[in-house]
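Undergrad: Chains as they are written, first to last, in this note's numbering: chain C, 450 to 691; chain U, 17 to 117.
Don't read these hints as lab results, they were simulated from the structure. There may be inaccurate statements among the hints.
Said to hold, decoys possible - Heads up, incomplete: computed chain C residues facing chain U, CB under 7 Å, no partners named:
{"no.": "1", "residue": "SER541"}
{"no.": "2", "residue": "SER543"}
{"no.": "3", "residue": "LEU584"}
{"no.": "4", "residue": "ALA619"}
{"no.": "5", "residue": "ILE664"}
{"no.": "6", "residue": "LEU666"}
Stated by the list, open to error - Derived lysine-lysine pairs resembling BS3-like cross-links, with alpha carbons at most 27 Å apart:
{"no.": "7", "chain 1": "U", "residue 1": "LYS44", "chain 2": "C", "residue 2": "LYS682"}
{"no.": "8", "chain 1": "U", "residue 1": "LYS44", "chain 2": "C", "residue 2": "LYS577"}
{"no.": "9", "chain 1": "C", "residue 1": "LYS634", "chain 2": "U", "residue 2": "LYS44"}
{"no.": "10", "chain 1": "C", "residue 1": "LYS577", "chain 2": "C", "residue 2": "LYS488"}
{"no.": "11", "chain 1": "C", "residue 1": "LYS488", "chain 2": "U", "residue 2": "LYS46"}
{"no.": "12", "chain 1": "C", "residue 1": "LYS634", "chain 2": "C", "residue 2": "LYS488"}
{"no.": "13", "chain 1": "C", "residue 1": "LYS488", "chain 2": "U", "residue 2": "LYS44"}
{"no.": "14", "chain 1": "C", "residue 1": "LYS682", "chain 2": "C", "residue 2": "LYS488"}
{"no.": "15", "chain 1": "C", "residue 1": "LYS634", "chain 2": "C", "residue 2": "LYS682"}
Unchecked claim - Derived coverage of chain U by chain C (criterion: at least 3 residues anywhere in the stretch with Cβ under 8 Å from a Cβ of chain C; other residues may be distant):
{"no.": "16", "segment": "37-51"}
{"no.": "17", "segment": "67-78"}
{"no.": "18", "segment": "89-95"}
{"no.": "19", "segment": "106-112"}
We treat Cβ as the ideally placed atom computed from N, Cα and C, and that holds for glycine.
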Amino acid sequence: MAELAVGKPYGEYRKGVQSGISIAIGYAPIALTFGLLAKTTGLSIGETALMSLLVFAGAAQYISLSLLSLGTGIFEIVLTTFIVNIRHFLMSTSLNEKWDDGRAANKVILSFGITDETFSVAAVREEKVTSGYMLGLISVSYASWVICSGLGHLIGASLPQTLQESMSVALYAMFVGLLVPSMRKSAKVVFLAALAACFNTIFTFTNTLSTGWAIVLATLLSAVIVEWIENVKNRHRGQGHE
Amino acid sequence: MSSHIVWMIIGMAAVTYIPRLLPFVLFKGKELPGFVQGILKNVPYATLGALIFPGILLINEDIWFGIIGAAAAFLAALLGANVIVVVLGSIAVLSVYSFLV
């Protein structure tokens, strides 16, 4: 096993790229549409590409376009972006636990590429997460996002209607594909996902919270409740054993 | 490029990057309490649940679109299909569905 551990970085990078391909496929239609919408909102191709290059956050970029067309001020748009993206704080905190790298600079740079999708793929990985893996995962996702945003603006059209509609399921299907294998192995995972899904559905349909906060709160509530229940159960079972 | 759009983009970039970065700096080399670690291990699965629902049901005005897409993805994943097969499979199923409707 020792010789397998040596010379890993390149292998890890490749594994990251492979895991990122589903994300790249899922980003393509969303980014193409973003480019198209940016054009109709009046952004130049340079501004469109710059936003995808620097922000790299789908939901927030879409919202900024609709706010711009409503004539909203910059400060409000930036504030909304912050609120929509605050959920990444929770994701980075979680990922930090299973991502080993002594060189802090790697995490500082690569954390730029943490999105709902790159986080989900990395977080359900069975092995530890490495910086090489993250670099592969993020670079293929980021490339798809930036290039397709530019293409959407350049071509001024998105995919054919039916394909566009069918492809809108891609990222959700990927989330399902990431979740189900863990669900089959552990009842805890089933409870965690189901509970968070219920909370988020309630928050969404009752309009109590904005999307950003709804996901954060649903996730936290579910993670805390399930952990607490498990602790209580273990204490009952484990009394006298420790 | 108009400068106020560029400033907006820079502002958006900063407030997006900071929450992504901060945990890696704040919790660097720190051992968090066991209970908190347990919660953080739960976060990925809870996040996935919240990311899938209710979003997947709302991808189209026709709610069946989301239901069929979700069912196809769950079925493919339960059968042990690779993530990319799950993605391409649900796209294919929905292409057939939108062709038929």
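Undergrad: State for each hint whether it applies.
TA: Going down the list of hints, with the structure as the test:
1. At about 4 Å, the closest approach between the beta carbon of SER541(C) and any beta carbon in chain U falls short of 7 Å, and the interface hint on this residue holds.
2. At about 4 Å, the closest approach between the beta carbon of SER543(C) and any beta carbon in chain U falls short of 7 Å, and the interface hint on this residue holds.
3. Hint status for LEU584(C): violated, given a least beta-carbon distance of 15 Å to chain U, over 7 Å.
4. Because the closest C-beta pair between ALA619(C) and chain U is about 5 Å apart, less than 7 Å, the hint holds.
5. Residue-level restraint check for ILE664(C) holds (minimum Cβ-Cβ distance to chain U is 5 Å; threshold 7 Å).
6. Checking LEU666(C) against chain U: minimum C-beta separation of about 9 Å lies over 7 Å; hint violated.
7. Annotation: proposed proximity of LYS44(U) to LYS682(C) is violated, straight-line Cα distance about 31 Å (limit 27 Å).
8. For the proposed pair LYS44(U) and LYS577(C), the alpha carbon gap of about 17 Å is at most 27 Å, so the pair holds.
9. Restraint check: the Cα-Cα separation between LYS634(C) and LYS44(U) comes to about 31 Å, which exceeds 27 Å; the hinted pair is violated.
10. Between LYS577(C) and LYS488(C) the CA atoms are separated by roughly 41 Å; this puts the pair beyond 27 Å, and the hint is violated.
11. At roughly 46 Å between alpha-carbon atoms, LYS488(C) and LYS46(U) are farther apart than 27 Å, so this suggested pair is violated.
12. At roughly 46 Å between alpha-carbon atoms, LYS634(C) and LYS488(C) are farther apart than 27 Å, so this suggested pair is violated.
13. For the given pair, LYS488(C) sits about 42 Å from LYS44(U) by alpha-carbon distance, which is inconsistent with the 27 Å threshold.
14. Pair hint LYS682(C) plus LYS488(C) does not hold up; C-alpha atoms about 56 Å apart against a cutoff of 27 Å.
15. Distance restraint check for LYS634(C) and LYS682(C): the Cα-Cα separation of roughly 19 Å lies within the 27 Å cut-off, and the hinted pair is therefore satisfied.
16. Counting residues of the segment 37-51 of chain U whose C-beta sits closer than 8 Å to any C-beta of chain C gives 9, which meets the bar of three, so the coverage hint holds.
17. Beta-carbon proximity to chain C at under 8 Å applies to 8 residues in the segment 67-78 of chain U; the threshold of 3 is reached and the given coverage holds.
18. With a cut-off of 8 Å between beta carbons, the segment 89-95 of chain U has 5 residues touching chain C; three or more are needed, and the interface restraint holds.
19. Given a C-beta distance limit of less than 8 Å, the hint that chain C covers the segment 106-112 of chain U holds, as 5 residues qualify and 3 suffice.
Comparing the model with each earlier hint shows violations of hints 3, 6, 7, 9, 10, 11, 12, 13, 14; every other hint is respected.
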